[in-house]
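Undergrad: Position chain B against the provided structure of chain A, taking the given hints into account.
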Amino acid sequence: MRYLPKSPSERKEMLAAVGVDSAEELFQRVPQKFRLREPLALPRPLSEPEIIEYFKARAAENAPGYTSFLGAGVYQHHRSVVTDSIVQRGEFLTSYTPYQAEISQGTLAAIFEFQTLMCQLTGQEVANASMYDGSTALAEAVLMAERITNRKKVLVARTVHPEYRQVLATYAKNLGLEIEEVGYTASGQIDVKQLEKEKLASAAAVVVQSPNFFGVLENIDEIAESAHSEGALVVTTIAEAVSLGILRPPSAADIVAMEGQALGISPSYGGPFVGVIAAREKYVRQMPGRLAGQTTDAAGRRGYVLTLATREQHIRRERATSNICTNEALFALVATVHLCLLGKEGLREMAMQNVAKAQFAIAELEKIPGVRRAFAGPVFNEFVLEFPRSVKLMNAQLMREKIIGPLAIGLHYPELTKRGLLCVTETMPRPEIERLAAAVRRVLENPV
Amino acid sequence: MYPAGYRYTKDHEWIKIEGSIGTIGITDYAQHELGDVVFVELPKVGAQLESGKSFGSVESVKAVSDIFIPVTGEVTEINSLLVDSPEKINQDPHGAAWLIKVKLADPKEVNSLMDAKAYEAYIAEKAQEQGA
Numbered sequence: 132m133r134y135l136p137k138s139p140s141e142r143k144e145m146l147a148a149v150g151v152d153s154a155e156e157l158f159q160r161v162p163q164k165f166r167l168r169e170p171l172a173l174p175r176p177l178s179e180p181e182i183i184e185y186f187k188a189r190a191a192e193n194a195p196g197y198t199s200f201l202g203a204g205v206y207q208h209h210r211s212v213v214t215d216s217i218v219q220r221g222e223f224l225t226s227y228t229p230y231q232a233e234i235s236q237g238t239l240a241a242i243f244e245f246q247t248l249m250c251q252l253t254g255q256e257v258a259n260a261s262m263y264d265g266s267t268a269l270a271e272a273v274l275m276a277e278r279i280t281n282r283k284k285v286l287v288a289r290t291v292h293p294e295y296r297q298v299l300a301t302y303a304k305n306l307g308l309e310i311e312e313v314g315y316t317a318s319g320q321i322d323v324k325q326l327e328k329e330k331l332a333s334a335a336a337v338v339v340q341s342p343n344f345f346g347v348l349e350n351i352d353e354i355a356e357s358a359h360s361e362g363a364l365v366v367t368t369i370a371e372a373v374s375l376g377i378l379r380p381p382s383a384a385d386i387v388a389m390e391g392q393a394l395g396i397s398p399s400y401g402g403p404f405v406g407v408i409a410a411r412e413k414y415v416r417q418m419p420g421r422l423a424g425q426t427t428d429a430a431g432r433r434g435y436v437l438t439l440a441t442r443e444q445h446i447r448r449e450r451a452t453s454n455i456c457t458n459e460a461l462f463a464l465v466a467t468v469h470l471c472l473l474g475k476e477g478l479r480e481m482a483m484q485n486v487a488k489a490q491f492a493i494a495e496l497e498k499i500p501g502v503r504r505a506f507a508g509p510v511f512n513e514f515v516l517e518f519p520r521s522v523k524l525m526n527a528q529l530m531r532e533k534i535i536g537p538l539a540i541g542l543h544y545p546e547l548t549k550r551g552l553l554c555v556t557e558t559m560p561r562p563e564i565e566r567l568a569a570a571v572r573r574v575l576e577n578p579v
Numbered sequence: 274m275y276p277a278g279y280r281y282t283k284d285h286e287w288i289k290i291e292g293s294i295g296t297i298g299i300t301d302y303a304q305h306e307l308g309d310v311v312f313v314e315l316p317k318v319g320a321q322l323e324s325g326k327s328f329g330s331v332e333s334v335k336a337v338s339d340i341f342i343p344v345t346g347e348v349t350e351i352n353s354l355l356v357d358s359p360e361k362i363n364q365d366p367h368g369a370a371w372l373i374k375v376k377l378a379d380p381k382e383v384n385s386l387m388d389a390k391a392y393e394a395y396i397a398e399k400a401q402e403q404g405a
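Going down the list, the sequences are from chains A and B.
For the first sequence, the working numbering gives the first residue as 132, with consecutive numbering after it.
For the second sequence, the working numbering gives the first residue as 274, with consecutive numbering after it.
Simulated from the structure, these hints should not be mistaken for lab results.
Note that the Cβ used here is the ideal one computed from N, Cα and C, for glycine as well.
Hints are not guaranteed to be accurate.
What the hints assert, rightly or not - Some chain A residues near chain B, calculated using beta-carbon distances under 8 Å:
{"id": "1", "residue": "Thr441"}
{"id": "2", "residue": "Arg442"}
{"id": "3", "residue": "Arg447"}
{"id": "4", "residue": "Arg448"}
{"id": "5", "residue": "Arg450"}
Isolated chain A (complex conformation):
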């Protein structure tokens, strides 16, 4: 496909072919009052040197030299330069969504590998070609559960990322889907006592995140047992995919919706990322989006196709399983290359380092008077601490020492003021963790 504009003579030729004199004539049917009478209010075009200057100025807005302890859905991890050099090949970088299997074999093969890796990571049987991000994958997983069970209510743990819950609420709003939130315990996990039999019996799914927003691991097996006995599904969402390098995959879940950012995608401005949706094979026809399949051609050679496309919008229109008719192919490729470079051992090692460093950080910070863990449950690389004073005020002082401190979660949980969520990944050097602990101690001892 060429992305070149048409020349005036080509335009004339095309207009003549359809029997009109001007492009304006093509809009005759649109009533005058709906037509645009003036040019769109856009900034003037920039020359190449001006564009370079513009982006240099934007790049200068970055804040180098700061140490960040933020996670909460977006994670700093090591990524190899090899990933970029593969991904930036023109064949991948500029290719369009693979509607035409015959000429898209490379893209489809890469997607097929991605799907295989996602199944291995999540312990599920089928994964699709990817979704926009973790939050939309979760919303689609819930709609999938609704189609499978024919039930209109979902039970969502309050320990699920607050922004994921907002996205879900947006999707649910006009679909007659009722969302009921489930509280958490002192361990920072979903309160399973609130999952009463009657509630489960009318629920399409129980939605849990693990590690959850507080960094705490949820007991998926236990939740699945009670949900399944009442015909409800379990949708598990994962924001920190590296955790799967060391944790048992959520195979007891019926659908897994995951954010793939942690798998080699730079945090950037908070996106774009890649969503993952994986499920049991028996639910494949209710799965949104596209799926690459492996097959053989007439000569018996291996080839790839888009399979089950009959469920998709470009064929089934308003009866499609979802309005997603594309995927995040390039970021799915990043995740694929990244995982292949790391290998099973590499991913495990990376995950182990996250656990070790987070545990070290907890131990260092808990030595400070008045600082303690807010929740008792087991964690991966994030944890909530309770501080003796406002996290926001503390952060303002830490910022002066070029430390981006904990996320004040009171913003999302009014009952959790003075609690901060910290993330420590394998990228955080030990001296920086010690510097944070020293700075927090100083700030708490000498409040301004």
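TA: Okay, now just chain B, sitting in the frame of chain A:
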């Protein structure tokens, strides 16, 4: 070709009445138009269905088509044969590959449907439209 005792819809479903039970399937014309059927989605036994509403879908290599119920009633049985052998729809659409059985809420409802002769005329007309 089209069994004389059955009634037919414009959406190409057929219904056979035995007492208060109606057996429903799709016609030979429908299976031919769809091509190789690879999957059939059916309602659960006990589901209450309302005349004219979609009660499932038939998926072929080309498309997924909704199937519409011509009468109001409750599903008493689904054809489990089709779960593993959806291709039966291509082989025996008027017999072994029936889709569901329903207990009719109002047996008179079928009177408004086409008989075999009317249906044959209907599809002949459709074929002519497509030829033209």
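Undergrad: Now tell me, hint by hint, if it's right for this structure.
TA: Hints, one by one, checked against the model:
1. The beta carbon of Thr441 (chain A) comes within 5 Å of a beta carbon in chain B, closer than 8 Å, and the hint placing it at the interface holds.
2. Here the hint on Arg442 (chain A) is kept, as its CB sits about 6 Å from the closest CB of chain B, short of 8 Å.
3. A cut of 8 Å between beta carbons decides the hint on Arg447 (chain A): the least distance to chain B is about 5 Å, and the hint holds.
4. With a cut of 8 Å, the hint placing Arg448 (chain A) at the interface with chain B is violated, because the nearest CB-to-CB distance is about 10 Å.
5. With its C-beta approaching chain B no nearer than about 7 Å, Arg450 (chain A) sits inside the 8 Å limit, and its interface hint holds.
In summary, the one numbered hint that this structure violates is 4.
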